[in-house]
Amino acid sequence: MGPICVDKYEASVWSIPPKDDQLIGKVRRGKATVAQLAAGGAVQMGAIPMTGCTGFDYGPDFPPSGNWTAPLYAASVAGVPPSTCVTWFQAEQACRLSGKRLLRNEEWQAAAAGTPDPGVNDDHTATCATNSDFAALTGARSSCISRWGAHDMAGNVWEWVAEWINPGVGCTFWDSAHGGDLSCMGVPQPAAPPAGATARELVSFDANLPGAIIRGGNYATGDRNGIFAIYAAVNPSNISRSTGFRCAD
1 MGPICVDKYE ASVWSIPPKD DQLIGKVRRG KATVAQLAAG GAVQMGAIPM
51 TGCTGFDYGP DFPPSGNWTA PLYAASVAGV PPSTCVTWFQ AEQACRLSGK
101 RLLRNEEWQA AAAGTPDPGV NDDHTATCAT NSDFAALTGA RSSCISRWGA
151 HDMAGNVWEW VAEWINPGVG CTFWDSAHGG DLSCMGVPQP AAPPAGATAR
201 ELVSFDANLP GAIIRGGNYA TGDRNGIFAI YAAVNPSNIS RSTGFRCAD
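Mapping of the sequence shown onto this note's numbering: position 6 corresponds to residue 6, and the numbering continues sequentially without gaps.
Since the hints were made in silico from the structure, they are not lab data.
Just so you know, even glycine gets a beta-carbon here, dropped at the ideal spot from N, CA and C.
Certain hints may be false.
[What the hints assert, rightly or not] List of simulated lysine to aspartate or glutamate pairs, EDC-like, C-alpha gap at most 20 Å:
| # | residue 1 | residue 2 |
| --- | --- | --- |
| 1 | Lys8 | Glu106 |
| 2 | Lys8 | Asp249 |
| 3 | Lys8 | Glu107 |
| 4 | Lys31 | Asp20 |
[Stated by the list, open to error] Label pairs and their computed distance ranges (CB to CB):
| # | residue 1 | residue 2 | range |
| --- | --- | --- | --- |
| 5 | Pro18 | Phe173 | 41 to 51 Å |
| 6 | Asp206 | Ser143 | 37 to 47 Å |
| 7 | His124 | Thr33 | 18 to 28 Å |
| 8 | Val120 | Gln22 | 42 to 52 Å |
| 9 | Asn121 | Ala177 | 16 to 26 Å |
Put together the whole structure using the sequences plus the hints.
Below is the structure:
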């Protein structure tokens with residue numbers, strides 16, 4: 001997409017044997033496959049859980065602070081659960097260790113252009129996952145592709161982007177021309193977590209700390225999902241079962 005390369009799929013985070021430079025190189029070049037990761041002894045970390053996050057879903061060597069002692073790598077591969085329960089700090093480090101970074105907000109918006117938004121009419125097969133009980137595997141929803149070839153930019157899991165902001169004053173919704181998507185640029189007390197109680201969101205916003213931005217909605221937010229959906233009433237340290245990320249380089 002222009003001068004940057006946005007990953008096709010929501011990130012899955014992997015522990016790779018440290019001496020396997022060839023496999024690590026394939027991940028960094030975006031050439032690794034699930035079969036190659038499995039054959040190389042890689043283990044996916046933070047695969048979206050059926051229940052809530054533990055707070056230590058990436059192990060003791062890759063803590064929520066992002067101050068890792070053993071590297072983990074963000075891969076863009078089809079057919080796996082997106083990695084969630086991840087803080088902004090962990091997401092950024094996993095991207096950096098893969099030779100990439102989190103998308104900036106405007107890059108995310110550009111990459112999402114043209115993604116079909118089913119609203120509440122999620123068919124559970126081809127459309128974007130916007131009204132489901134659980135997230136789809138990466139790339140599994142065959143119609144959920146942007147004009148730039150990025151998958152799952154509407155719904156499935158919220159995605160961290162790079163920016164932090166100062167808290168704002170309230171939430172609203174875009175007009176119908178923009179899908180009626182949620183617009184929440186930081187509030188002291190959000191009315192409700194983005195996906196409600198059933199998604200086991202761990203949202204607690206400290207207005208004395210910066211807000212970080214997540215984009216696109218998740219699998220359960222219905223017509224408030226979409227490529228204009230933005231939520232910044234989360235601190236960078238927040239973890240959620242339905243928040244993941246995507247990298248770019």
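Hints, one by one, checked against the model:
For the given pair, Lys8 sits about 17 Å from Glu106 by alpha-carbon distance, which is consistent with the 20 Å threshold. With a C-alpha separation of about 12 Å, the suggested pair Lys8 and Asp249 falls inside the 20 Å cut-off, and the hint holds. Distance restraint check for Lys8 and Glu107: the Cα-Cα separation of roughly 13 Å lies within the 20 Å cut-off, and the hinted pair is therefore satisfied. A distance of roughly 15 Å separates the Cα atoms of Lys31 and Asp20; the hinted pair therefore holds under the 20 Å criterion.
Pro18 and Phe173 have their C-beta atoms about 47 Å apart, which keeps the hinted 41 to 51 Å range intact. Roughly 39 Å separates the CB atoms of Asp206 and Ser143, a value that falls within the hinted 37 to 47 Å. Between His124 and Thr33 the Cβ separation comes to about 26 Å, which falls inside the hinted range of 18 to 28 Å. Distance hint check for Val120 and Gln22: the Cβ-Cβ separation is about 45 Å, which falls inside the suggested range of 42 to 52 Å.
Under the hint 16 to 26 Å, the C-beta atoms of Asn121 and Ala177, about 18 Å apart, fit the expected range.
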